[in-house]
Amino acid sequence: MHIVTVVRLVPDLLEEIQVNEQGTDIDREWIGVKLCEFDDHALEEAVLIKEATGATVTALGIAVEGIDRVLQSAVARGADRAVKIECGETNLDSRSFAKLLSETLPQLKPDLVLAGVQTPEDLFGQLVPFLGTLMGRPHASGVTGAQAEGNAVKIQQEYGAGRAARLTLALPAVLGIQSASQPPRYVSGTKLRQAIQGTKIETLSATASAGGSGTVKEMRRPARGQGAEMIEGEAEEVAGKIYDALVGRGLVGGK
Amino acid sequence: MAKPLVLAALMLLAFSFAGYRFFLRLRPMFSAPGIDRLDHIGERLWGLVPNVLLHRRLLNIRYSGILHAMIFSSFIVLFTAIVQAFGSGLFPGFSLAPVGGNSVIALLQDVFAVVIMIGVGMAFYNRYVIKPARFKGSNNKDATVILILVTGVVTSMLLEFSFHIAAGGDPSAPWRPLSSTIARLLEALGFEGESADRAAHVFYWVHVCVILSFLTYIPGSKHLHMFAAIPNIFLRNIGPKGQSRTPDPKAAHIGLSDVRALDWKGMLDLYSCTECGRCQAACPAYAAGLPLSPKILIMNMRDALIDETVTHTATAPAAVPAAGSNLEALVGSVISEQTLWSCTTCRACMEVCPLHIEHVPKIIDMRRHMVEEGHVTPGIQDAMASFQQYGNSFKKPPRMRAKWTSGLDFKIKDARKEEVDILWFVGDYASYDPRVQRITQTVARLLQKAGVDFGILYDAEQNSGNDVRRVGDEGLFQTLSEHNIEALGNCSFKRIMTTDPHSLNALRQEYPAQGAEYEVVHYTQLLLELMREGKIAKAANEKVQGTVTYHDPCYLGRYNNGFEPPRQIMAELGYKLHEMARCRENSFCCGAGGGRIWQDDTGVKERPSENRIREALALGDATIFAVACPKDLVMYTAAVQSLAVEDKIQVKDIAELFA
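Protein chains in written order, with the working numbering: chain A, 1264 to 1518; chain B, 547 to 1205.
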């Protein structure tokens, strides 16, 4: 069994985000990047399946600055191969990325493709459904655990209100991982150093087709609200004012 | 004559049995990894004077130290009686008479028989009446058996001597006041001539048998320290205290996963432990209620080593297994993971151990194994991942490292671009923690005012890796240290200064082993120099109010001997210093070291920092709690707040005392 797990670099939200001069994107020149947290879980789930079944895991990313380090860490975590796609694009939208992957992935012959359920730049989690559709494979998102069994994969999927489902998908399939069956493991500095020194990163070439999902015209910071109402006084007095405010806005009963 | 033959047979039996028991314990040492501990013979020998002859560490607890000194000195003197007993038994006509066996030695034997009995009495009293808390977890039965055996050896010896004197014609009688007195009693009871001579014979054999039983008992007892202690002290670590061992780069596995993979000196440590519990009494983790007692850790490792040996003799010859990845072999079963994560690496245990047992390196080595296996606590994982990504534990981008400088009205030199006299290695807490930034700015202003030519590395600085190494992530330490060494290598400076004792330790003691040596000073030393050169004005005495107590940071004091400069600064500024009982080498850790600061308080009954603040409050007059470490400032400020004693005591950095 061959699992390909997608790794994406996303802006590090711990840093101060600036909008660029054109007002069409965040300023990516100074922003730090890190591995998308959901992709981190997808990688963990891939390695867990590998440990359970002896599968081969390939970490796959777009060749952008910083991807080598992420691919090396993936190998330190337990991936067997590291592959990057040279396509000349650094900032693909989900649809173009799905198309690129659907054209490139057949070379790797994956039985299972895992990716994080969403990224801060793919808020609606479109990559996995696009990819599944383009490749003509069963797909599911919001996955919180996956076990490979013969020619199928059993998954847990979370819905709202505390409901969950268990589904079985025939392989080959594409999964959007929300969280791995257990938290991503710790990789020691020693293993990381070994992976940095010893990992051979393979390269696949591809041409990204022009994105068809529109262009950003304007991007701006969220509008500032009209200020807050500060409630002061003794605890009971404050509680009373909060109650009145809630009633006044029709949020709680009142008479 | 049958006597020499019987004695020889008894001795052969006892020596074979004891020898076999010794062999079982020593055998793992023969196949253990090596460690270089035979250098600087002179220094090693010289160290035996304070540690063995003068009982310096033992006397830190006066009562126990004195009773040990009494028993120890008596053993040396009474060894002559053993030589005499076995010599005369094996070789008729053998006597110590030519060297004073019937005069001075006889007198000494009598005198020290009294000394040892008082010592043994004091030991019984200590164990059964005083019952110090440090004995909790020690093997009381073993200690009692030994005390009874010692009593047996001495009593049988005295009775043999006394009956001998009562039988008449003993030339040593005038030199044996105690034995002679007992002899007179025996004579009064009717033992004279032949009957006394027969009784003397009986007690001779009792004496010999008790000694031989003692010998065979020792290998399985904590009294193995009678043989292991002096070699263990001789083979102590005389290298830099703050330098961790670098694992063999060729080793397939980093860290200690099997007790048989311990180096031979580490094993000797285990056999040397007397279970005295001084380490336990000094341990901040133990005091906090965490599942770590350095004593029990050593005892458990020792028992595991012995069990392994015994099991293997019964079945197959002991083969040292390849140090594998089986976490259960040592870590996780013999020593729990929580135990290992409890340690603050404060070194208090090692400082008080009379046998110079090295607890902390063993803990670090077992942590290395856990880290390589990915077994870390969530807090540690979070911090280490932050170090891997950002070079600090605050999850802050490197660009923000020097943000604290924006609060100054002057610009600090960029040491990467300009030559400086003093390169200030700021450290994580001093750079990023808002509670400490204020102090960092104060230090900067003091240096600026004193006209010091100094600069910082700005975003090129990363965590020194001191605590990362103590957490057990050796590879991450290597990465961090290589980064800093490269950054420092591109700068031109005379000395490095830091306010952070943890950075001080790494730069001064760990980096030389990575091939980078610097002159590194703590800011308290630099400030003292500046005061003495008249470059910093001493605060006007009338401004100085209140009594100060000072907390020695572990990595400044115990690890780097920086006890004096902070005290001299306070004295020269005119502060009255009221020391806490636990000061200098015996300082009590704040609880943050060794990666503890990144872990939660699970299992903590009393935070070490709060215990410490209570100690300071108990002084009665101290209103300022002075610290010289950014982590201390954070820990003690929080402790003062959580105890709600802000109105009674204030935590202040030494730099703030200049205000």
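Hints listed in this document are in silico derivations from the structure and should not be mistaken for laboratory results. Just to be clear, a hint being listed does not mean it is correct.
As the list claims (entries may be wrong) - Distance condition first, Cα-Cα at most 30 angstroms in a straight line; then the derived DSS-like pairs of lysine-lysine:
1. A:K1297 - B:K942
2. B:K1081 - B:K1151
3. B:K941 - A:K1347
4. A:K1313 - B:K995
5. B:K995 - A:K1297
6. B:K942 - B:K1081
7. B:K1198 - A:K1463
Going down the list of hints, with the structure as the test:
no.	hint	result
1	A:K1297 - B:K942	13 angstroms, holds
2	B:K1081 - B:K1151	46 angstroms, violated
3	B:K941 - A:K1347	27 angstroms, holds
4	A:K1313 - B:K995	62 angstroms, violated
5	B:K995 - A:K1297	42 angstroms, violated
6	B:K942 - B:K1081	36 angstroms, violated
7	B:K1198 - A:K1463	53 angstroms, violated
Checked against the numbered hints given earlier, the structure breaks hints 2, 4, 5, 6 and 7 and satisfies all the rest.
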